[in-house]
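**Q** When we follow my numbering, the leftmost residue of the sequence shown carries the number 4, and every step to the right adds one.
Treat the hints loosely; a few may be bogus.
[Stated by the list, open to error] Taking CB as the label site, the calculated pair distances span:
1. E13 / E57: 28 to 34 Å
2. P24 / P44: 16 to 22 Å
3. C58 / E28: 15 to 21 Å
4. S48 / S27: 37 to 43 Å
5. A60 / D39: 26 to 32 Å
6. E57 / E35: 24 to 30 Å
Rather than coming from a laboratory, the hints here were simulated on the basis of the structure. Predicted model, so just to flag it, every value in this text is computed and none were measured. We put the CB at the ideal spot given by N, CA and C, even for glycine.
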Amino acid sequence: MKDRTTLEGEGWVRCGIFCEPRLSELVALYQELGYDVLLRPLDSSELDDALCQECFARGTERYRVLYTHRRGASSCK
Numbered sequence: 004m005k006d007r008t009t010l011e012g013e014g015w016v017r018c019g020i021f022c023e024p025r026l027s028e029l030v031a032l033y034q035e036l037g038y039d040v041l042l043r044p045l046d047s048s049e050l051d052d053a054l055c056q057e058c059f060a061r062g063t064e065r066y067r068v069l070y071t072h073r074r075g076a077s078s079c080k
């Protein structure tokens, strides 16, 4: 699995951490706007705030990191 640095180097943009129902809404919206969408499991090391880490620990399967990439855009820099 590629890490965040690799994905961003390939042109993917990290949009944020989401759970349902917003996650599905955002995926549909970005796809409608012409973006490729990638959902990744959340790595707790990406969370700086102790409160965020506490919520994540209670429901790891709920959260996904949303990345987007403009469809047809070159992934090389």
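**Q** Evaluate each hint against the coordinates.
**A** Now for the hints, and whether the structure bears them out:
1. For E13 paired with E57, a C-beta distance near 32 Å keeps the hint of 28 to 34 Å intact.
2. Between P24 and P44 the CB atoms are about 19 Å apart, so this pair conforms to the stated range of 16 to 22 Å.
3. Between C58 and E28 the C-beta distance comes to about 20 Å, which sits within the given range of 15 to 21 Å.
4. A hinted range of 37 to 43 Å for the beta carbons of S48 and S27 is inconsistent with their spacing of about 26 Å.
5. A hinted range of 26 to 32 Å holds for the C-beta pair A60 and D39, which are about 30 Å apart.
6. Between E57 and E35 the beta carbons are some 34 Å apart, a value that contradicts the proposed interval 24 to 30 Å.
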